[in-house]
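We have chain Y already, so just place chains V and H on it with the hints.
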Amino acid sequence: MKEDRRSLKIFGIVFMTILTLIMFLAFMPGIGVRPFGEISYRSVPTDDYYIEHGIEDVGAYNIVTTVVFDYRGYDTLGEATVLFTALTGAAALLLGGRRHGEE
Amino acid sequence: MGRNDIEKGGMSLIVRTIASILLPFILTFGIYVVIHGHLTPGGGFQGGVVLASAALVVLVSFGYRLAENMYKKYKTLYSPLEALGGILFIIAAAIGFSVAFFYNYLWTSRTLFGGTPGTLWSGGMLPIMNIAVGLKVATGFAGVLALFFIYTYRKSEGEKP
Amino acid sequence: MIPPLQYFIALFLIVAGIWAIMLKKNLIKILIGLSVADTGVNLLLITLAYRNAIGGAIPTAPIYTGYEKGMIMVSPLPQALVLTAIVIGVSVLALALAITLQIYRHYGTLNVEEIRRLRG
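Residue numbers (my numbering), protein chains in the order written: chain Y, 1 to 103; chain V, 1 to 161; chain H, 1 to 120.
One chain only, chain Y, in its complex shape:
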């Protein structure tokens, strides 16, 4: 049992070191992503379309709300389903077994 715990700790520390190194390398400005705040030219056409045509398509000033509820409405539908399912499951776990008693 002691050897199990010590080998688990060594594996944990080695894994965390490798993970930290990979993450830091992936987010350095020269090697990985672009520098902070610059425009990524693959996503500019979509963002400019949402900002320019948001008012005449939907009619609301809040561009984030038009993206959430009108341009990407299916994601909000899926999220409402996940919320409903998780809260129903939590309520069923906390209330269940009251009528059947302890066996």
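A couple of the hints might just be wrong.
The calculated lysine-lysine pairs, modelled on DSSO-like cross-linking and capped at a C-alpha distance of 30 Å, are [claimed, not checked]: (1) K29(H) x K9(Y); (2) K9(Y) x K69(H); (3) K72(V) x K155(V); (4) K155(V) x K75(V); (5) K155(V) x K29(H); (6) K24(H) x K9(Y); (7) K73(V) x K155(V); (8) K25(H) x K75(V); (9) K155(V) x K69(H).
In silico contact screen, one side only, chain Y against chain H (beta carbon under 10 Å); selected entries [stated by the list, open to error]: (10) R6; (11) F15; (12) T66; (13) D75; (14) T85.
Derived by calculation from the structure, the hints in this document are not laboratory data. Think of the CB as a built atom: it goes at the ideal place given N, C-alpha and C, for glycine as much as any other residue.
Relative to chain Y, chains V and H alone:
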């Protein structure tokens, strides 16, 4: 709710008075954030969480006897309200089904919510969807918080949870 | 050699959360690590949506209320997706806490090694 509420899980008189005074302001702010979702930062989810925090203030300061009485009295009201929020969201999305599923029918034909952009009566389907999602989130979180509370206090008192 | 400060804070939160999930023995501490990692990922997604000032324009939120002529709007798409991710994280945490309460009632302990040994 007299003077001997402290041993039933509630807090002192000062906390109860301040919670009773603060409750209308929290509710008004939550409804404001939900309804003005298409003009200012906010919307359905954020306003629903603010309304659920009003329920949490009442739960923590008044004790679990009040929570149990309220739960027994309104037990058949919470889950239909949450289901009503979800059904209202799907109906609002399926009105313009002849063109597409999430088609903004109320804005392109300038009926009920079709004013000039920037006022309250604008935005098409967005205020209806905001109210539906806010109702769903607020009642869902308030119900689950009340259930956690009742479960813990029943278990610590020895009753069957 | 560390990344810029805006990325470094989000990466630090993610690494701390994963460290707590892997190497802790108490169930509540594992759930706290899960929540911290969730927060770090949402922060990282929002940080990627910023736009610098181009030609003297001030970056501002993508809302037209209070918008003047000399402003540039940041990207609204990651903010909409992070809104969904936050709500899903809270729902998963509520369900996990309900399961933890039932585990404590059934086994009497919250230590992960002892639960793995008892087997009901």
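**Study point:** Given hint K9(Y) paired with K24(H) - CA-CA distance at most 30 Å
**Key:** holds, 10 Å
Check your understanding: Does T66(Y) pass the interface hint, meaning its C-beta sits closer than 10 Å to a C-beta of chain H?
Key -> holds, 8 Å
Review point. Under the criterion that the straight-line Cα-Cα distance not exceed 30 Å, is the pair K73(V), K155(V) satisfied?
Key: holds, 21 Å
Exercise for review: Assess, step by step, whether the Cα of K72(V) is no farther than 30 Å from the Cα of K155(V), and give holds or violated.
Suggested key: holds, 18 Å
Exercise for review: Would you settle whether the hint for F15(Y) is holds or violated, based on the nearest Cβ-Cβ distance to chain H being less than 10 Å?
Suggested key: Status holds, d = 7 Å.
Check your understanding: Going by Cβ atoms only, is T85(Y) closer than 10 Å to chain H?
Key -> holds, 8 Å
Review point. Does K75(V) lie within 30 Å of K25(H) when you go C-alpha to C-alpha?
Key: Not satisfied, since the Cα-Cα distance of roughly 38 Å exceeds 30 Å.
Review point. Does the interface hint hold: is D75(Y) within less than 10 Å of chain H, judged Cβ to Cβ?
Key: Since the shortest Cβ distance to chain H is 6 Å, the answer is holds.
Point to revise | K29(H) paired with K9(Y) [C-alpha distance capped at 30 Å] | key: Holds, at roughly 17 Å.
Exercise for review: Compare the distance between the alpha carbons of K9(Y) and K69(H) with 30 Å, and conclude whether the hinted pair is satisfied.
Suggested key: Not OK: K9(Y) and K69(H) at ~57 Å, beyond 30 Å, violated.
Practice item. Compare the distance between the alpha carbons of K155(V) and K69(H) with 30 Å, and conclude whether the hinted pair is satisfied. Key: Violated, because 61 Å separates the two Cα atoms, which is more than 30 Å.
**Study point:** Pairwise hint evaluation, K29(H) against K155(V), where the allowed Cα distance is 30 Å at most
**Key:** holds, 22 Å
Violated hints for the displayed structure, listed by number in ascending order: 2, 8, 9 and 10.
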